[in-house]
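Student: Based on the sequences and whatever the hints tell you, model everything.
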Amino acid sequence: EPEVTQTPSHQVTQMGQEVILRCVPISNHLYFYWYRQILGQKVEFLVSFYNNEISEKSEIFDDQFSVERPDGSNFTLKIRSTKLEDSAMYFCASTGLETQYFGPGTRLLVL
Amino acid sequence: AQSVSQHNHHVILSEAASLELGCNYSYGGTVNLFWYVQYPGQHLQLLLKYFSGDPLVKGIKGFEAEFIKSKFSFNLRKPSVQWSDTAEYFCAVILGRGGGNKLTFGTGTQLKVEL
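These protein sequences, in sequence, are chains A and B. In terms of my numbering, the first sequence opens at residue -4 and continues consecutively. In terms of my numbering, the second sequence opens at residue 2 and continues consecutively.
Quick caveat, the hints were computed from the structure, so don't treat them as lab data. It is possible that some hints are incorrect.
To be verified - With the C-beta cut set under 7 Å, the calculated list includes, among others, these residues of chain B facing chain A: (1) ASN33; (2) TYR40; (3) HIS44; (4) LYS103; (5) THR108; (6) VAL114; (7) LEU116.
Think of the CB as a built atom: it goes at the ideal place given N, C-alpha and C, for glycine as much as any other residue.
Tutor: This is the structure we're talking about:
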């Protein structure tokens, strides 16, 4: 069964550093998403992406965040200058139409 | 603002007990409803979903959920839980129709099943 994959599984970085989180969505899916879950809190929507552009973004997704689909398979989330409060589990998801399938997540720790 | 509420944050049950987890949403329009499960150390997996039709939907692993439109609810049930059901359960909603809409999650319910 096809699945969403994410790399790395864990990332530790220093405050102010740039990080890139990578995702490979399910191959025939059209919509791609990033969500995050701060420890002990609920899963929050960050951004959705369709047809090579952002279709919706949340208040969390400020100028420090960007997304890109650099080739036909990868979907990346970049945080330009990480802050302590960016520490969270970041989930990628994709969908063909209505049901979103999630990757295993990247646990980001900002020190 | 639209929101999803899960009333039980932590639930502890013995094996074979029945389970019901509450979920309510605040949105007057069309919704698609989901329950996801996150087993320890694993990613979010879809348990079941409701788009339209029969309001009683059956999912994997013996779970079911009932959509009650008048109560804005989508409660998850299982008649007899197992130790392996220990996990965190998330109710989620997509507002409106059409592809690409975001999921809005509830805060999650941590279920612990004791032997």
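Student: Determine for every hint whether it applies to the structure shown.
Tutor: Here is what the structure says about each hint:
Because the closest C-beta pair between ASN33 (chain B) and chain A is about 6 Å apart, less than 7 Å, the hint holds. About 11 Å separates the beta-carbon of TYR40 (chain B) from the nearest beta-carbon of chain A, more than 7 Å, and the hint is not met. Annotation: HIS44 (chain B) was flagged as interfacial toward chain A, and the flag holds, the nearest CB pair being 4 Å apart, inside 7 Å. Hint on LYS103 (chain B) holds. Least Cβ distance to chain A is approximately 4 Å, under the 7 Å limit.
The beta carbon of THR108 (chain B) is positioned within 7 Å of a beta carbon in chain A (closest approach about 4 Å), and the interface hint is therefore held. Hint on VAL114 (chain B) is violated. Least Cβ distance to chain A is approximately 21 Å, over the 7 Å limit. Of the supplied interface hints, the one on LEU116 (chain B) is violated, with its beta-carbon coming no nearer than about 26 Å to a beta-carbon of chain A, more than 7 Å.
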